[in-house]
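Take a look at the letters that make up each chain.
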Amino acid sequence: MEILAELQRRFGDAIVETHDRGDLTAIVARDAILTVLGHCRDDVALAFDVLMDLTAVDYLRYPGREDGPRYEVVYHLYSIAHNHRLRLKVRLDEDDATVPTAVALWPIANWLEREVWDMFGVRFEGHPDPRRLLMYEEFVGHPLRKDYPINRRQPLIGPAS
Amino acid sequence: MAETARQEFMLGEGGATGGGPQNLHVGVGPAHPAMHGIIRILTELDGEVIVNADVEIGYLHRAFEKDCEQGSWNNAIPYTDRLNYVSPLINNFGYASVVEKLLGIDVTERCKYIRVIMSEISRISDHLTCVGASAMELGAFTVFLYMIKAREFLWELIEDVTGARLTISYGRVGGVKADLPEGFAERTRKAFKDTREVLDEVHRLLTGNRIFMDRMVGVGALSREETIGYAITGPLLRAVGVAYDVRRAQPYDAYDRVEFEIPTRKDGDNYARYLVRMAEMEQSMRIVEQALAAIPGGPINVDFEGRPIDPATYVDQGKQGKTEGLLLLPITLSPNLQGQQRAALDRVNVGDKRVVLPPKETAYGSIEGLMNHFMLIMEGYGIRPPMGEAYFPVEGANGELGFYVVSDGTDRPYRVRCRPPCLPPVAALPRMIAGEMIADLVPTFGSVNMIGGELDR
Numbered sequence: 001m002e003i004l005a006e007l008q009r010r011f012g013d014a015i016v017e018t019h020d021r022g023d024l025t026a027i028v029a030r031d032a033i034l035t036v037l038g039h040c041r042d043d044v045a046l047a048f049d050v051l052m053d054l055t056a057v058d059y060l061r062y063p064g065r066e067d068g069p070r071y072e073v074v075y076h077l078y079s080i081a082h083n084h085r086l087r088l089k090v091r092l093d094e095d096d097a098t099v100p101t102a103v104a105l106w107p108i109a110n111w112l113e114r115e116v117w118d119m120f121g122v123r124f125e126g127h128p129d130p131r132r133l134l135m136y137e138e139f140v141g142h143p144l145r146k147d148y149p150i151n152r153r154q155p156l157i158g159p160a161s
Numbered sequence: 162m163a164e165t166a167r168q169e170f171m172l173g174e175g176g177a178t179g180g181g182p183q184n185l186h187v188g189v190g191p192a193h194p195a196m197h198g199i200i201r202i203l204t205e206l207d208g209e210v211i212v213n214a215d216v217e218i219g220y221l222h223r224a225f226e227k228d229c230e231q232g233s234w235n236n237a238i239p240y241t242d243r244l245n246y247v248s249p250l251i252n253n254f255g256y257a258s259v260v261e262k263l264l265g266i267d268v269t270e271r272c273k274y275i276r277v278i279m280s281e282i283s284r285i286s287d288h289l290t291c292v293g294a295s296a297m298e299l300g301a302f303t304v305f306l307y308m309i310k311a312r313e314f315l316w317e318l319i320e321d322v323t324g325a326r327l328t329i330s331y332g333r334v335g336g337v338k339a340d341l342p343e344g345f346a347e348r349t350r351k352a353f354k355d356t357r358e359v360l361d362e363v364h365r366l367l368t369g370n371r372i373f374m375d376r377m378v379g380v381g382a383l384s385r386e387e388t389i390g391y392a393i394t395g396p397l398l399r400a401v402g403v404a405y406d407v408r409r410a411q412p413y414d415a416y417d418r419v420e421f422e423i424p425t426r427k428d429g430d431n432y433a434r435y436l437v438r439m440a441e442m443e444q445s446m447r448i449v450e451q452a453l454a455a456i457p458g459g460p461i462n463v464d465f466e467g468r469p470i471d472p473a474t475y476v477d478q479g480k481q482g483k484t485e486g487l488l489l490l491p492i493t494l495s496p497n498l499q500g501q502q503r504a505a506l507d508r509v510n511v512g513d514k515r516v517v518l519p520p521k522e523t524a525y526g527s528i529e530g531l532m533n534h535f536m537l538i539m540e541g542y543g544i545r546p547p548m549g550e551a552y553f554p555v556e557g558a559n560g561e562l563g564f565y566v567v568s569d570g571t572d573r574p575y576r577v578r579c580r581p582p583c584l585p586p587v588a589a590l591p592r593m594i595a596g597e598m599i600a601d602l603v604p605t606f607g608s609v610n611m612i613g614g615e616l617d618r
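These protein sequences, in sequence, are chains A and B.
Heads up: the first sequence begins at 1 in my numbering, then just goes up one per residue.
Heads up: the second sequence begins at 162 in my numbering, then just goes up one per residue.
Take the hints with a grain of salt, since some may be wrong.
Restricting the straight-line Cα-Cα distance to at most 16 Å, the calculated cross-link-like pairs of lysine to aspartate or glutamate (EDC-like) are [as the list claims (entries may be wrong)]: (1) B:K310 - B:E362; (2) A:K146 - B:D361; (3) B:K262 - A:D23; (4) B:K351 - B:E317; (5) B:K262 - A:D20; (6) A:K89 - A:D147; (7) A:K146 - B:E226; (8) B:K310 - B:D361.
What the hints contain is simulated information worked out from the structure, not anything from laboratory work.
Chain A extracted, bound-state conformation (with noise of 0.2 Å):
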């Protein structure tokens, strides 16, 4: 909870809401991001030096959250040093799903942001190299969004002749 608690003193209102149910979690506002997740891993205290995980969230269907921002941006930060994790969530509308890029402060965040671009279409602004990474190009849609159905056929190579 200190964390969290240093996080909110120093960045008052840019952070949204933070909570503990099992893991530290706080909501940072997104224009916001890069200097929270810049200021974890350099700050002595809290040095989140690995960024284990950064994946996003589809809420289109989750039971009271319907109307509000769609998707959620997922930074999931761990500490060598100190053996700490933080969770940092950035809420984006339907309509406006960009995030800053992350690639200058941990090089792995090009290939997890392309992944979410992929999956999600969630655009990652000043990124070197936004390619799908585990689709292919020609494919149409981002696979993970909820309102992409299952069982939806593509054409496996190149555009349908």
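Assemble the complex: chain A is given as a structure, and chain B must be docked to it using the hints.
Here is chain B on its own, set in the frame of chain A:
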């Protein structure tokens, strides 16, 4: 690289347009003998030296995360088998643990030890496969055969417990499928004795072998900073001298009650990774031996006192309504259900009826058991964790295997995310091989231990 990838040539062809010497683009894979798994590495060569490389993945993508959202919570267990298919038990337990965290339940002590034992046996077989396969690619075919032989000893143990070799589906939310079979401890001791002999032989064949060292020492190295920046965990992180291991850092199951060392090396090259893996196998065997000695409940000896009756009679009596005292009656189950008798299941599963299927005797022998069974199996019922999210890491054979799940309070996961431990090293592969010879691509790729099922999900 996106531009240059368009103009790649078959080996030996060049750009006919001329204009002086230019770099040659060679695509390795997706189906290449040295690419175990399907992956494509596009290399840009200056002579034999790799100037630049790009890795293309996704050939084995089969919508693991999307599929998990379609069925009930326990339905995802067979899918997790197919993540890292060399050590599927660890995936099972990792996924079960994250759902248990969401439900707020704590598995039984015996189950924790079983999970430790089975995870470590899987870890050894994973390391054996990795070291054996990469040695084979350097010409040491003998080592491969020896190590696959040792893996066979371990897979026989796994088959003994789970009934399958690869697609084991042994983990369950709230426990495991069945208890350990009779005589498991002795068979494990025998298998470890044989495995240790194989490891000794391999040490004599490889460690210090001139050819092997020439190909491994100083090759594929990654600095400590870059390893951490790429979020690489597991043997590759320990090979640069960081003693991070989830089993020690955030002990789960019974790992806080066993003694083991975390082997580390300093150099971060392929040879260091090889040494770390070899040392870890010995530590895993130590863990299993301690766990087998400390496992509560003692050896499973299903001793039926009273009147054993066969299952058919039991079911018939139940159907006729002669249920009085039936629940207390021990019966002999079919041999296929070994370890799933009521007494055994109670030992390895939490007594939480919201989560764990009742033993077959109870389901067939009493209306309460049958209802319990139905409520967990019928669509729309089943396990229903409260709304919320959880992340749970376990130490997979390749590093931190994390599951992040989101529940909307229904019987289906809203979102299941797997943090694949072999994705970060594959992402860093271009950094490892840049500036090295194309032939060095093979041992470096081998040391990464890419597992397609987990990488592409």
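For each hint, the structure was consulted:
1. B:K310 - B:E362: Satisfied, since the Cα-Cα distance of roughly 12 Å is no more than 16 Å.
2. A:K146 - B:D361: 52 Å, violated
3. B:K262 - A:D23: Holds, at about 10 Å.
4. B:K351 - B:E317: Measuring from Cα to Cα gives roughly 12 Å; hence the hint holds.
5. B:K262 - A:D20: 13 Å, holds
6. A:K89 - A:D147: 22 Å, violated
7. A:K146 - B:E226: Measuring from Cα to Cα gives roughly 12 Å; hence the hint holds.
8. B:K310 - B:D361: Distance of about 14 Å is within 16 Å: holds.
Figure legend: structure checked against the earlier numbered hints; hints not met, in rising order: 2 and 6.
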